[in-house]
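Q: Chains as they are written, first to last, in this note's numbering: chain A, 1 to 246; chain B, 1 to 116; chain C, 1 to 585; chain D, 1 to 86; chain E, 1 to 150.
Because the hints were derived from the structure by calculation, they are not lab data. A hint or two may mislead.
Stated by the list, open to error - Pulled from the structure, derived: some chain B residues nowhere near chain C, Cβ distances all over 10 Å: (1) W12; (2) Q38; (3) G53; (4) T55; (5) S60; (6) V62; (7) E63; (8) P64; (9) D81; (10) P108; (11) R115.
Claimed, not checked - Covered stretches of chain E, going by a simulated chain A footprint (3 or more residues, C-beta under 8 Å): (12) 49 to 63; (13) 97 to 103; (14) 125 to 134.
Since we're looking at a predicted model, the values are computed, not measured. Beta carbons: idealized from backbone N, C-alpha and C, even for Gly.
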Amino acid sequence: MTRRVRRWVLAVGGAGLAALLVAACPALPPFGGATHPYGDRVVHESLARQTANTIASVNFDQRAFDTLGELGILFASVIGTVVLLRQTRDERRAAPEPAAVSLPVRRYALIVLPVALLTGLYVVAHGQLSPGGGFQGGVVAATALHLLYLGADYRALENVRPIGLYEVGDALAASGYLVTGFAGLLGGTAFLANTLLPYGTFNTLASGGTVPLLNAAIGMEVACAVVVLLARFLDQAVEIEKESGS
Amino acid sequence: MMSVLPYLVAVWIFLTGCYGIVTSRNLIHAVGCLAVCQSATYVLLLAVGYRDGGTAPVFSDVEPGSRPVVDPVVQALALTDVVVGATVTALLLALVIQVSKRHGTVDPDELSELRG
Amino acid sequence: MNHLLPLLVAAPLLGAALLVAGGRRLPRAVAEPVGCVVSAGTAALAIVLLLNSSPPLVEWVGGWAPKDGESVGIVLVGDGPGLGMAALASLLTLAALVYSWRYFDEPPRRHAGSFPALMLLFQTGMCGFAVAGDLFDAFVFFELMSVVAYALTGHRVEEAKAVQGALTFGVVNSLGAYAMLLGIALLYARTGELAMVKIGRGLDAHGGPDALTLAAFVLVLTGLLVKAAAVPFHFWLPDAHAVAPTPVCMLLSGVLVEMGAYGVWRVYGTVFDGPGGIPAADVERALVVLGVLTGLVGAVMCWYQRHIKRLLAYSTVAHMGLFVIGIGSLTPEADDGTALYILGHAGVKAALFACTGILLDRYGSVDEHALYGRARSLRGVAVLFVLGALGLAGLPPFGTGLGKAVTEEAVGGPLSVVFVVVSAVTAGAVLRVAAHVFLGAGPEPRDVSAYETTGIREEPETRHRLSRVPDTMTVVPALLLAGSLAVGAVPGVARLVGHAVSEAGSGGAFTSPHWTPAGVLLGLLSTVLALGLAALAVSRPEPFGEQPWTEPLRRLQSGHIGDYVAWTLAGATLLGALALPGILS
Amino acid sequence: MDDPLIVVALLLVAACATAAVAVRDPERQALVLAVLGTALAVLFTVLQAPDVGLSQLAVGSALTPLLLMLSVRKVRRRERGKGRTR
Amino acid sequence: MNGWTATATAVLALGGGATVWGVATGPLGRRVVAQNLSTSLACPVLLLLAQGYGRPSYVDLALVLALLGPVGTLVFARLLAEDLEGDPPGARAATYAVAVFGATVVIVLCAVAGPGRAMVKLLVTGALLVAGNLVASRALAGGFSGSRHG
Numbered sequence: 001m002t003r004r005v006r007r008w009v010l011a012v013g014g015a016g017l018a019a020l021l022v023a024a025c026p027a028l029p030p031f032g033g034a035t036h037p038y039g040d041r042v043v044h045e046s047l048a049r050q051t052a053n054t055i056a057s058v059n060f061d062q063r064a065f066d067t068l069g070e071l072g073i074l075f076a077s078v079i080g081t082v083v084l085l086r087q088t089r090d091e092r093r094a095a096p097e098p099a100a101v102s103l104p105v106r107r108y109a110l111i112v113l114p115v116a117l118l119t120g121l122y123v124v125a126h127g128q129l130s131p132g133g134g135f136q137g138g139v140v141a142a143t144a145l146h147l148l149y150l151g152a153d154y155r156a157l158e159n160v161r162p163i164g165l166y167e168v169g170d171a172l173a174a175s176g177y178l179v180t181g182f183a184g185l186l187g188g189t190a191f192l193a194n195t196l197l198p199y200g201t202f203n204t205l206a207s208g209g210t211v212p213l214l215n216a217a218i219g220m221e222v223a224c225a226v227v228v229l230l231a232r233f234l235d236q237a238v239e240i241e242k243e244s245g246s
Numbered sequence: 001m002m003s004v005l006p007y008l009v010a011v012w013i014f015l016t017g018c019y020g021i022v023t024s025r026n027l028i029h030a031v032g033c034l035a036v037c038q039s040a041t042y043v044l045l046l047a048v049g050y051r052d053g054g055t056a057p058v059f060s061d062v063e064p065g066s067r068p069v070v071d072p073v074v075q076a077l078a079l080t081d082v083v084v085g086a087t088v089t090a091l092l093l094a095l096v097i098q099v100s101k102r103h104g105t106v107d108p109d110e111l112s113e114l115r116g
Numbered sequence: 001m002n003h004l005l006p007l008l009v010a011a012p013l014l015g016a017a018l019l020v021a022g023g024r025r026l027p028r029a030v031a032e033p034v035g036c037v038v039s040a041g042t043a044a045l046a047i048v049l050l051l052n053s054s055p056p057l058v059e060w061v062g063g064w065a066p067k068d069g070e071s072v073g074i075v076l077v078g079d080g081p082g083l084g085m086a087a088l089a090s091l092l093t094l095a096a097l098v099y100s101w102r103y104f105d106e107p108p109r110r111h112a113g114s115f116p117a118l119m120l121l122f123q124t125g126m127c128g129f130a131v132a133g134d135l136f137d138a139f140v141f142f143e144l145m146s147v148v149a150y151a152l153t154g155h156r157v158e159e160a161k162a163v164q165g166a167l168t169f170g171v172v173n174s175l176g177a178y179a180m181l182l183g184i185a186l187l188y189a190r191t192g193e194l195a196m197v198k199i200g201r202g203l204d205a206h207g208g209p210d211a212l213t214l215a216a217f218v219l220v221l222t223g224l225l226v227k228a229a230a231v232p233f234h235f236w237l238p239d240a241h242a243v244a245p246t247p248v249c250m251l252l253s254g255v256l257v258e259m260g261a262y263g264v265w266r267v268y269g270t271v272f273d274g275p276g277g278i279p280a281a282d283v284e285r286a287l288v289v290l291g292v293l294t295g296l297v298g299a300v301m302c303w304y305q306r307h308i309k310r311l312l313a314y315s316t317v318a319h320m321g322l323f324v325i326g327i328g329s330l331t332p333e334a335d336d337g338t339a340l341y342i343l344g345h346a347g348v349k350a351a352l353f354a355c356t357g358i359l360l361d362r363y364g365s366v367d368e369h370a371l372y373g374r375a376r377s378l379r380g381v382a383v384l385f386v387l388g389a390l391g392l393a394g395l396p397p398f399g400t401g402l403g404k405a406v407t408e409e410a411v412g413g414p415l416s417v418v419f420v421v422v423s424a425v426t427a428g429a430v431l432r433v434a435a436h437v438f439l440g441a442g443p444e445p446r447d448v449s450a451y452e453t454t455g456i457r458e459e460p461e462t463r464h465r466l467s468r469v470p471d472t473m474t475v476v477p478a479l480l481l482a483g484s485l486a487v488g489a490v491p492g493v494a495r496l497v498g499h500a501v502s503e504a505g506s507g508g509a510f511t512s513p514h515w516t517p518a519g520v521l522l523g524l525l526s527t528v529l530a531l532g533l534a535a536l537a538v539s540r541p542e543p544f545g546e547q548p549w550t551e552p553l554r555r556l557q558s559g560h561i562g563d564y565v566a567w568t569l570a571g572a573t574l575l576g577a578l579a580l581p582g583i584l585s
Numbered sequence: 001m002d003d004p005l006i007v008v009a010l011l012l013v014a015a016c017a018t019a020a021v022a023v024r025d026p027e028r029q030a031l032v033l034a035v036l037g038t039a040l041a042v043l044f045t046v047l048q049a050p051d052v053g054l055s056q057l058a059v060g061s062a063l064t065p066l067l068l069m070l071s072v073r074k075v076r077r078r079e080r081g082k083g084r085t086r
Numbered sequence: 001m002n003g004w005t006a007t008a009t010a011v012l013a014l015g016g017g018a019t020v021w022g023v024a025t026g027p028l029g030r031r032v033v034a035q036n037l038s039t040s041l042a043c044p045v046l047l048l049l050a051q052g053y054g055r056p057s058y059v060d061l062a063l064v065l066a067l068l069g070p071v072g073t074l075v076f077a078r079l080l081a082e083d084l085e086g087d088p089p090g091a092r093a094a095t096y097a098v099a100v101f102g103a104t105v106v107i108v109l110c111a112v113a114g115p116g117r118a119m120v121k122l123l124v125t126g127a128l129l130v131a132g133n134l135v136a137s138r139a140l141a142g143g144f145s146g147s148r149h150g
C-alpha cells in the first residue's frame, strides 16, 4: 500500500474509533464517583486477613491466580528473549573494551549500589504493608546491579553476574509460587488457598498469611528476570558481533 | 468537563500511539509507540477506580475506615501490567534487533520479504 | 473434582519452570521426554475433567467462594466447550512436541529445555484462557499465549522472514490485547465487576445498551477477532504462520486462532447477550458480515499462493471465516456444528502442516513451483497430504464434514453456499499442490507475479536435510487425521459435543448433531468441486493462474506493520458501524 | 478537591505521550519515554495509586530507557559496520 | 487542597511543562538535560504530595525516584556519549536551581516531620537526590568523555 492509502485507512479507522470512544466517555460514571462495589468488598476482606496493603492482598491472595498468569508472561518473555537473542552461528563474541569512567561517577555508582539493593529488598519486604512489593522491589534491585556497568564497565558486571544462576533462580522462584499454590490444594482446600500460615498481627512484617511468601517469590522472579533480560541486551549491544567476512 | 477529562486523555493517548505505529519509519520507534498505547490502559484503569477525596487503601500509616479509599482492584490490575508491559517490550525489541540483523534495516517501508 | 481445574494451568507451568531450572546441564535427551510427559499428563487431566463436566465445574481459586452471592476471587468455569478447548490444545501441544522430537538442529546452546518449556507455557496460556470465567483473568492468559506465540514464531532467528513475521504478529496482537483491556476497563467502570457472568448481570441491571456498551463490545471483540484473524484483522496471520517452525504452525493454526473464536462465543454468551448487552440481530449482522468477508478473502488468497505454508495459513483464515459465521448465527445447532468443525479442522490442518514440514526438511523448500514433481518417492506422505486435503473439503465421514454439514443446515440459504465454496476452493488449492508436488502432474507451473512470497531457499529445520523421514514425523499426522476422522465417524462423539455445547450455551435446548442425507451430499459436493478445481488448475494453468482482479487484494498484504495496524483500527470502526443500529433505536 | 493537580498531571501525561509519538528519532524518543514514565508515576500518585506509581518508576525511569538505548545502539552499530565494509 | 499540594501543582505545571518542552525539542544536549531535570523536579513534587496527602508511606516513591532517576540519566550519558561529545550540554544555572529547590523541600519537610525514622528517610532521599542530580549532570557534561565505549 502506498503511504497515501495507508493514511486514508488510518484516518477513517482512527476517526471512527475516536468517535465511538468519545461517545462512550459521557456514558461512563463521572470521574471520582463513589460506587466501587468490588473495591469495597476487597478492602473488607483484606482487613479481615490482616493485610495492611490492600493491593498486595488483591495481587497475592484474592486474585493470586492472575498474578500466576502474569508470572507466566514474565517467565515466557525471559525465555523468549534468551532464545531470540542467542548467539547464532554467524556471530562471535568480542571481548568488551574497558571503559574509563570519571571518578565522581564511579564513586557515586559504588556508593549508591548497596543503597539501591537495600532499597529493593526493603520495597519487597514491606510489600504487604506499605506501597511496594515483589514487582517493584525486584525491578529496583535488578536495575541497581547494573550500576556496575554504568560506574565501571561491562567486565565488572559480568564478574558478579553468573547469568546461568539467575536463570535458574527465575525458574525456582516461579516454582516456589506454584508450590505454595499446591500446598493449599494438598491441605484440602483449594489451589492458592492459605492453609498453613497464621494471619498474624495487623501491620507487621509477618502478617497476611501466604501474602509475604508469594510476594517474595515474585520479587525474586522479577529481579532474576530483569537481570537476564538486560544481560541478553547488553550481550548484543556490547559483545556479540557478526563474524567478519561472512 | 472534569468528569470525563481523564477518560478523554486515555482515549487520546491510545489513538496517538496507534497513529505513531502506523506512520513510524523505525521499528524501535514503533515499539516505543506501542508502549505509549499501553500507558493509555493504565490511565483509564486508574481513572475508573478513583474516588473523590479518597486515599490509597494502604493502611500502614492511616487508620482503616478513617478516610474514604479508592478502588484497589484496578490498581492491582494496572500494577502487574506495568512490569509485564516492560518485558513484552523487551521481547519485541529483541525481535527488532534480529530484524535489523537479517534485513539490514529497521525501516518498515524497506522490509519486503513477506507480501502477496 | 472442581479443585483440580487450576492444575490445568499450574501443571504445565511447573513443568516449564523445572525444565528451565534444570539449567545448562540438562541434556536434550531428558528435556524433550519431560516436556512430553508433562504435556501428556495435562492432556489426560483435561480429558478426565471433560468427562466429568456435566454439570459444569465451577472453581473459586484460593477458596474465595462467594458469600451472599458476592466473591472477591477469580472463578474458573470448567464446562464442556472450555474443557474441550483445553483438551484440544493439550493434545495438539503433545502432538507438536512428539513431532518435534529431536527436531531442531540447534537448540540454543546450553538451553536445551527452552523449546519444550515454551511449548508448555503455550499450553498453560491456552488452558488458562479456555477455563477462565473472569474477564481480566481471561485477558491475562490471552496475553500469555500471545507472548509465547511471538517468541515461538521467531524461534528460527536466522530466517529473515521468521523474525519479521514474528514482529508483525507481536505488534498487531499486542495492540489488540490493549484494546481488549480498555474494553474490560469500560465494563468494570459500568458494572464494578470482573467475573463475566456478573458483568452480564450488571449490564442488564443498568438498562438498555448505550454508547458505552457498544464501545466495550467493539474493543473486547477487536482483541479477540485480531487473534481469530477475521478480515480486516487477519493480515498478521499468513505472515506469522508461514514462517513459524512447523510444530508451532500446527498449534497456531490448529488451536490458537480458534481460541479467538471461542473467546468471542464465550464473551458474547456470558457478557453481552442479555437485554443490557448488544441486541442479537446486531451481533449476528456484524459477525456474519465479517465471517463472509473472511471466508471469501481467505479462499481467494489461498488459491493464489505458491508458498505451501502460506497457502495453508490462508486456508486457516478462510475456515476462521466459516467459524465466525457459525458463531455469529447464534443458534444452538450452529454452535454444535462449529464446535465439531473446529475439532475436525484442528486435526486436519495440523496434519497438513506436519506433512509440509516433512517436505521442508527433506527438500529445503516449501514452494509449489520449486517442488514440482520432486516428492514422488514420498508415497506415505502423499497419501496423508491428500487425505488431509479431502478432510479440508469436508468429505464424509471426517469431523470437518460433519461440522460443516451441521453448521450449513443451521445457517441455511445463501450462507451455506459460502461454506461449500470456501471449503472447495481451499481444499482444491491443497489438492493442486499435492498433484504438482507428489505426482508431478500437468505442465510445470511458471512464475508469473513478482509480487509474492515464494517458498524457495528456506532453511530446513532439522540438522541436515532428511534422507529418511523419521517415524515420529509421519505417525503424528496419521494420528491427527485419525482423530479428525473419529470426530465425524464415531457416533458418540458428536452427541457428546452437542450435549456439552448446549449445556454451556444459553439455549438450554439439547441438540444432537448427526449426519443427514443433505449434509452428506453437500460434503460430497464440496469434495467433488475441490477435485474438479484441482484437476482443471493442473491441466490448464492459464485460466486458473494469476488474475488481474486479485492484484489489489494481494497488494493489501504488504508485510508493512503500519498497514496492518491501520486496518486493525478500520476493522474496529467497521465492527462498531455494523453493530450500531441496535444502539440507536 | 484536588482537581487542579489532577488536571495538571493529566495534561502533562497527554503532552508527553504526544511528544513521544511525534519525536521520530528512537534515541530522542527514549528520552521522552523516560520523562513520560516519570510523569505517569506522578499522575498515579495523584490518583492515589502509589503502588502503581512505584512500579512505573522502577520500570519507566531506568529499565525501559536502557532496553531501548541498547537496541538503538545495536542497530546503529550494525548500520555503521555496514557502512565501513562498503 | 492545602499549601503542600498547591506548591506541588505549581511546580508541576511550570517545571513539568518546561521539561516536556525541553525534552521534545531542540538539540540533543538540551534534551538530556531536560530529562535529568524532570526526575530531579518530580522527586520533590512527590515529597510534597506525600506531605500534602498526609501519607508518609508515599515517601517511598520519592526514595526510589531519587535512586533510579540518576541511573536513567547515567544510561543516557553513557550510551549517548559519542553524540554528546561535540557539544557537551551545560545547564549549570538550571541544575543548581533545581538542586537547591530539592534541598529546600527536604529541609522544610524535615523540620515539619521532626526527628525520627521519617526524618532519616527524608534525609537519605534528599542526599541521594542532590548527589545524583549533580553527578548525573556532570556525567552529561563530559564525565564519560575520553573514555572508550565498552
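Q: Determine for every hint whether it applies to the structure shown.
A: Going down the list of hints, with the structure as the test:
Annotated as non-interface, W12 of chain B keeps its C-beta farther than 10 Å from every C-beta of chain C; the closest such distance is 13 Å. Residue-level check failed: Q38 of chain B sits 6 Å from the nearest beta carbon of chain C, not beyond 10 Å. No beta-carbon of chain C comes within 10 Å of the beta-carbon of G53 of chain B; the shortest separation is about 19 Å. No beta-carbon of chain C is positioned within 10 Å of the beta-carbon of T55 of chain B; the least distance is around 20 Å.
Listed as outside the interface, S60 of chain B is consistent with that label: its C-beta sits roughly 21 Å from the nearest C-beta of chain C, beyond the 10 Å cut-off. Annotated as non-interface, V62 of chain B keeps its C-beta farther than 10 Å from every C-beta of chain C; the closest such distance is 21 Å. Against chain C, the non-interface label of E63 of chain B holds: every CB pair exceeds 10 Å, the least being about 22 Å. The beta carbon of P64 of chain B sits about 16 Å from the closest Cβ of chain C, which is more than 10 Å, so the claim that it is off the interface holds.
Annotated as non-interface, D81 of chain B brings its C-beta within 10 Å of a C-beta of chain C; the closest such distance is 8 Å. A cut-off of 10 Å between C-beta atoms contradicts the statement that P108 of chain B is not in contact with chain C; the least separation is 5 Å. With a minimum CB-CB distance of about 5 Å to chain C, R115 of chain B fails to clear the 10 Å threshold, and the non-interface call is violated. By the rule of at least three residues with a Cβ nearer than 8 Å to a Cβ of chain A, the coverage given for the segment 49 to 63 of chain E holds, with 5 such residues.
Remark: the segment 97 to 103 of chain E is not confirmed as covered by chain A, as 0 of its residues place a Cβ nearer than 8 Å to a Cβ of that chain, below the required three. Chain A is given as covering the segment 125 to 134 of chain E, and this holds because 3 residues of the stretch bring a CB closer than 8 Å to a CB of that chain, at least three being needed.
Violated hints, in rising order: 2, 9, 10, 11 and 13; the structure is consistent with all others.
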